[in-house]
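Asks: Turn these sequences into a full structure, and let the hints guide you.
Respectively, the protein sequence lines represent chains F and D.
Under this note's numbering, the residues of the first sequence are numbered 1 to 605, in order.
Under this note's numbering, the residues of the second sequence are numbered 606 to 766, in order.
Relax, there's no trap hidden among the hints.
Each computed BS3-like pair below joins lysine-lysine, with the alpha-carbon atoms no more than 27 Å apart: (1) F:K535 - F:K387; (2) F:K112 - F:K387; (3) F:K294 - D:K680; (4) D:K633 - F:K313; (5) D:K633 - F:K294; (6) F:K450 - D:K680; (7) F:K455 - D:K682; (8) F:K455 - F:K294; (9) F:K535 - D:K760; (10) F:K455 - D:K633; (11) F:K157 - F:K180; (12) D:K760 - F:K71; (13) F:K313 - F:K294; (14) D:K633 - F:K245; (15) F:K71 - D:K764; (16) F:K464 - D:K680; (17) D:K633 - F:K269; (18) F:K546 - F:K535; (19) F:K563 - D:K760; (20) F:K586 - F:K93; (21) D:K760 - F:K566; (22) F:K294 - D:K682; (23) D:K642 - F:K450; (24) F:K294 - D:K642; (25) D:K764 - F:K69; (26) F:K535 - F:K384; (27) F:K566 - F:K586; (28) F:K259 - F:K313; (29) D:K764 - D:K680; (30) D:K633 - F:K185; (31) D:K760 - F:K586; (32) D:K642 - F:K245; (33) D:K764 - F:K586; (34) F:K269 - D:K642; (35) F:K114 - F:K418; (36) F:K455 - D:K680; (37) D:K760 - F:K69; (38) D:K682 - F:K450; (39) F:K32 - F:K71; (40) F:K535 - F:K450.
These aren't lab readings, by the way, just hints derived from the structure by calculation.
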Amino acid sequence: MYEKHLMICGATGCLSSGSNLVEEALVEELEKHGIRDKYRLVMGGCPGFCEVGPIIVVYPDEVFYCRLKPKDMAELVEKHLLEGEIVERLLYKGPDVVVPARFYDTIPFYAKHKFNVLRTSGIIDPESIDEYIMRGGYRAFTRALSMEPLAICEEVKEAGLRGRGGAGFSTGLKWEFTNKAPGPKKYVVCNADEGDPGAFMDRSILEGDPHAILEGMLICGRAIGADEGYIYCRAEYPLAISRLKIAIRQAEEYGLLGKNILGYDFNFKMNIKEGAGAFVCGEETALLGSIEGKRGMPRPRPPFPAQSGLFGKPTTINNVETFANVPLIVKEGGVLEFAAIGTEGSKGTKVFALAGKVRNTGLCEVPMGITIREIIYDVGGGIKRGKEFKAVQAGGPSGGCIPAEQIDLPIDYDSLNKAGAIMGSGGLVVMDEGTCMVDLARYFLSFTQKESCGKCTPCREGTKRMLEILDRISEGAGVPEDLDTLDSLAASIKDSSLCGLGQTCPNPVLSTIRYFREEYEEHITDKFCRAGICKELFTYRIDQEKCTGCTACARVCPVDAIKGEKKEPHEIEQDLCTRCGSCVEKCRQDCILVVPQGREADVSN
Amino acid sequence: MCVEVETVLPEIDLSELDAIIEPYLGRKEMVIPVLQKVQDHFGYLPRPAMEQVSRRMRIPLSRLYGVATFYAQFKMKPRGRYIIRVCKGTACHIQGSPKISGRIEEILGVESGETTDDLRFTLEEVACIGACALAPVIMINDDPHGRLSPDGIEKILEKYS
Ligand SMILES: Cc1cc2nc3c(=O)[nH]c(=O)nc-3n(C[C@H](O)[C@H](O)[C@H](O)COP(=O)(O)O)c2cc1C
Ligand code: FES
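Replies: Listed below in structure tokens is the structure:
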């Protein structure tokens, strides 16, 4: 028996802040005191709060230590583990708490959380099936085995679960279609391709709770009459893949995968396929093609995968988070519990990857219908460095931005659609006054343009033309007609593209024009980028009144373009300046101003 | 700026290739896993290896290249000892990843997708690596480096020789 469990976050966020070094130091300290075997150390799933990593949670005491350094481990071991005293110094401290917070329930970041999908992530050892089972795992699957397949579909429908991977289609209905499709061979496919380049919740679920995905897929297999499943996972997620493999092996050993599972007339085989880096393979028909070993090109629908999917057989394809929700619904009493959370049309919780210019970044799971304000100010702790909130991008490259005026918009499928964004997979990127909306639109479009598979002309050529226009605008060569041309190109691409990639990729452009038209016009007519992003359209000037001559900017400038005596206002030599922005980051007085080119000396600006 | 030099390619040793292909013979749908394994072995997909895969798996070379060039993961040229992957995800972009890649390009004299002449570094882009909280982020081989600013890059690169 172990005295305590120590969960060390081993997800990418904490690894980048050095959690592996912290673990090494911890092991060393434990060994030094000869108490290594009294404690169970688990490099576990992500507790979500990446901003304050590396994180260690000590169980059963439930103490949350954060921002750890290897040298803190001596104190943690000596004080907490040996003397039973909490190390105050290493608890969460922030502008939003008065006393250092000890655990989840007192840390403001977690206050609005509703842990459903992430119920065990960061708590159990993802590589142990026993810990999953101890917390009620595979109970829903056992129940499903004793149910009529169509009754399972009915429960999932009744709970109101909608797909978490994109369009938000009713999961129960999708299952019912596949169930009713004729044929003895059917497949379950899990879409773990997570293509949105600003989102990582599927990865966290895969790494933190792989058995929940297997259980969801097994229940689906029972409901639609499939005996084989594929998990299509991005190759960029090696840890997720290795944990899935371990989970599959364990489930096989426990007789939860294989033939005549738990004595029922039900067989199931699980396979993993690694993606090879193509965004379009997240689209369901392209993904199926890729599993079959082809180029991942979408094909027209109908026929939908429910009729003719993998290898031409009826197939249900769902997203990772969708599957992770399923055991919660199919367990005893789960339907009502699930449907009690959320709004009329959007039930349950959603996991969001909160990133960008908010103070607290990380993963958060909140009830559907929460407002943007609550996410940004309560969960996110407000905007970094006291800047103005400008907009939030929801739904990645297929989504759109929502401006500050709509901060009280509830986040659910239908409200987001109305505002010109989408739920997508749940990436939320927060932007402040230092984000240029033209650049943002250009960024997303250059992403989709590169990832367009080239099969259909509107998407292949149309995105190229739109990108050329945006490039021109951000280089200062835009003309007033450009906005109308963008509008009409966008409309035709949306109308006539073959798959969801083309049909949605104009959204970021359309929504930024809709809400930030004056910023486009400023780029086109005044040749000015007020955010200081489009390099040709601004210069820097040091505010001579405010500058204290601290020399921080001069020291950081990689091209030595900043001149000035200590304690005297500094100046920028415009010929040398490459507008890399290093000085802006360093200046604590905020005295480096973004001004139109040719107005460097104009003090009245 | 890229100086033209004769790069002497190391002799390609195909002796272990058959063992890699063996388990997948007759299973054309497994072509992507085969290419992944081949690339794991050589670091990229050398032409002679592709020819052998084509013969052994009875897949026309053109189809094989069709698949290989579709996916960003597959590389047709040898790569450097250290692969620098600059995250081009949304969070990293708005926190200034273009400035980071600009600075790296300046220091190494190569553009994204290229390898330095001494085969030390290859510069690539990736979409979100899941460390958005620490944006902007780069990975050098398996080490993530977060919260970067353009002026700190040189020091980091020096650590990899
Ligand atoms: C271009 C494109 C990319 C997509 N990428 C993903 C993805 O990375 N992950 C995902 O789950 N769904 C993605 N989808 C949505 C899938 O096509 C599909 O709708 C989804 O996997 C269905 O699962 P759900 O009903 O559980 O949401 C993408 C769609 C398009 C058009
Ligand atoms: S956007 Fe760079 S790590 Fe997520």
